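Just need the whole structure built from these sequences, with the hints factored in.
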Amino acid sequence: MNIGMRYFLEVYRLATRIRIVEEKIAEEYQKGEMRCPVHLSVGQELISAVVGINQKKIDTAVSSHRAHAHYLAKGGNLNKMIAEIYGKVTGCSKGRGGSMHLIDLGVGFLGSSAIVGNSIPIGVGAGFSHKLSDSDALSFIFVGDGAIEEGSFYESINFSAVQGLPVVFICENNFYSVYTGLNHRQPAERKIYKMVGAMGVSGIKIDTADMYMCLSQTKEVISEARKIKKPLFIEYETYRWLEHCGPNDDNSLGYRPDGELKFWQERDWMPKIESILLSEDVLTLDQIKSTKESILSEVNLAIKLAKEDAFPTLEESSVGVYAQ
Amino acid sequence: MPSEVDFLNTFATEICSGLDEILFTDPRAIIMGLGVTDPKGVFGTTLGLYEKYGSKRVIETPTSENSVTGIGVGLAITGYRPIMVHQRLDFFLLAMDQLVNSAAKWHYMFGGQQSVPITIRLITGRGWGQGPTHSQNLHSWFAHIPGLKVVMPAFARDAKNLLKESVNDPNPVIFIEDRWCHMQNIEYSVDGKNKQATIGQGEVIVNGNDLTIVAAGFSTIQSFRAVKCIQNQGVSIELIDLKTIKPLDISIIIKSIQKTGKLLVVDSGPAISSFGSEIISQVSKLAFDCLKIAPKMIAAPDIPEPASYGVTGAFKFDSRDIAVKVLEILERDQFHFDLSGLVDVPHDVPHATFHGPF
Chain Y
5 MNIGMRYFLE
15 VYRLATRIRI
25 VEEKIAEEYQ
35 KGEMRCPVHL
45 SVGQELISAV
55 VGINQKKIDT
65 AVSSHRAHAH
75 YLAKGGNLNK
85 MIAEIYGKVT
95 GCSKGRGGSM
105 HLIDLGVGFL
115 GSSAIVGNSI
125 PIGVGAGFSH
135 KLSDSDALSF
145 IFVGDGAIEE
155 GSFYESINFS
165 AVQGLPVVFI
175 CENNFYSVYT
185 GLNHRQPAER
195 KIYKMVGAMG
205 VSGIKIDTAD
215 MYMCLSQTKE
225 VISEARKIKK
235 PLFIEYETYR
245 WLEHCGPNDD
255 NSLGYRPDGE
265 LKFWQERDWM
275 PKIESILLSE
285 DVLTLDQIKS
295 TKESILSEVN
305 LAIKLAKEDA
315 FPTLEESSVG
325 VYAQ
Chain U
23 MPSEVDFLNT
33 FATEICSGLD
43 EILFTDPRAI
53 IMGLGVTDPK
63 GVFGTTLGLY
73 EKYGSKRVIE
83 TPTSENSVTG
93 IGVGLAITGY
103 RPIMVHQRLD
113 FFLLAMDQLV
123 NSAAKWHYMF
133 GGQQSVPITI
143 RLITGRGWGQ
153 GPTHSQNLHS
163 WFAHIPGLKV
173 VMPAFARDAK
183 NLLKESVNDP
193 NPVIFIEDRW
203 CHMQNIEYSV
213 DGKNKQATIG
223 QGEVIVNGND
233 LTIVAAGFST
243 IQSFRAVKCI
253 QNQGVSIELI
263 DLKTIKPLDI
273 SIIIKSIQKT
283 GKLLVVDSGP
293 AISSFGSEII
303 SQVSKLAFDC
313 LKIAPKMIAA
323 PDIPEPASYG
333 VTGAFKFDSR
343 DIAVKVLEIL
353 ERDQFHFDLS
363 GLVDVPHDVP
373 HATFHGPF
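Chains Y and U, in that order, are what the protein sequence lines are. With this note's numbering, you'll find the first sequence wraps up at 328, consecutive numbering, no jumps. With this note's numbering, you'll find the second sequence wraps up at 380, consecutive numbering, no jumps.
Source of the hints: derived by calculation from the structure; they are not laboratory data. Please note that a few of the clues may not be correct.
As the list claims (entries may be wrong) - To give an idea of the chain U side of the interface with chain Y (calculated C-beta under 8 Å), a few residues: (1) Asn88; (2) Gly94; (3) Gln120; (4) Gly169.
Computed from a predicted model, the values in this text were never measured in an experiment. Just so it is clear, CB atoms sit at the ideal spot from N, CA and C, and this is done for glycine as well.
Quick look at the structure:
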């Protein structure tokens, strides 16, 4: 497997940045000042990072309620995201959207929306727009396994296939919709990526346990999408370490089978990539430590600034229902 | 210039000709919907457009109301001006998520960074046994949602300009077409009036002193027929055609009430939580002192519409019912009036040439 260490390093830095941001949000959340629901991606960061590194600035992306990672991976502004979570007027949505409605048009992040499956057709529309305007951009649509069960997913796959749109569906299958396991929601014999294939959009499952495989295949598939300008679907199996919504470990609730969380934590991407980067002499232990410290100070600064920022006034929040 | 339509100028052909002009002048405009290229062209409203503008501008869609609406939003936030169409409003109910959570919110929710210039044409199906799920008048639902505008033209002469304004509007616009308006000739209009219809502005289409009637869409046509009939027999009614139920032109209504002191609202949907009730509420709050009697309303019954020809005649009000109500409010004896011209026979078709089934 010939895969550049520079690519590895970029993915590592991005995934690590996302994890540190999410962990810091979880820590700060306890203080009760982030007064909106947060759906954290701790455990799932690798996918956003590996996809993000393969996205171009002209590409667009949409996401769902669990969008921090996708926003950051597309290059979304950290300070504005943190301010949005704090409900401040300096937030990326002026405090109107909260954690679930993130946007950064400067980097093509068109928005994230809280209703499961809601942003999928929006992303397909963006892909249709790219096609109609003869753009080289791809439209990335981030979904979870829950969204696969929504009618909008089926409709959107169908539309993308029939119109041949430059859309890349990224499915993070974390096996749970809130507390309800996949076994209650989809037939056991189903393979999501194969189902999508049968609907007319080529699907592939990429293994997240093997770092070389994950990074190289993702790169290949996205390059292929760029070449053919047709829809493609990638399924990644992954795992959410924290509760569905909120900052806490919820393993004690008992809805996860014994040992499941531990199994996934043991196959975490972070030590795997670190050991590769160390053994390939790309990074030293000191450099890893300083990388993390510098990300942490960046997040700390974002939190400090957000806390100092003002809430929007009711007056400010009462205008702009209609575009002029 | 766009080609002239070479058939009769009806409400439907005005829509078609309006779409033609929009596609011709605005390269961002695209038409999407199930049936936009079909042989009947959505009741004649899209005929010839596919042939003229091709598959990149006039786009057939799968039977996927919700996602197609969301795709329209995605197109709108990235620079296009989609004009969507649904041959029955009732099917569009599948798209409430994309309408309410996406189209209506995207501008506000993200701090005004993107607007959603999308026009959604919804055709309401009245008559010919359309029944509970093919004939609903749900315009008031849409007016309830912040971020949407709701346009309901009555006359063919207004249809084109209201459509053009809807497409040019940077916000999502629900454009409701009652199919009983579709066959109406453009000549059928208000004497001597030539005001260009515009979103958010009602119009006094008949001047009078004794009572104000407020209506929109096909209810305006029904009210107009009733007013014309009894006006010729010496009753002075003012009729306001709203054209838009959101934004609501309350000032034109209040101005009229200040003169007449009496209000009758005609709403094709059920009364509860309707735009008709909203008008009565606002007038009561803002101009209570001007009212000589309690405001009145004619609305659809609060039950699903049955399909049977045996009951549909009694189910909905017609122009005669409006005339009778007016005379009752004004304490005039209806038996002194000839209302025979107001009865439609048969009651369930939009036009004498209509023979079903769709």
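Enumerated hints in conflict with the structure, sorted upward: Violated hints: none; all satisfied.
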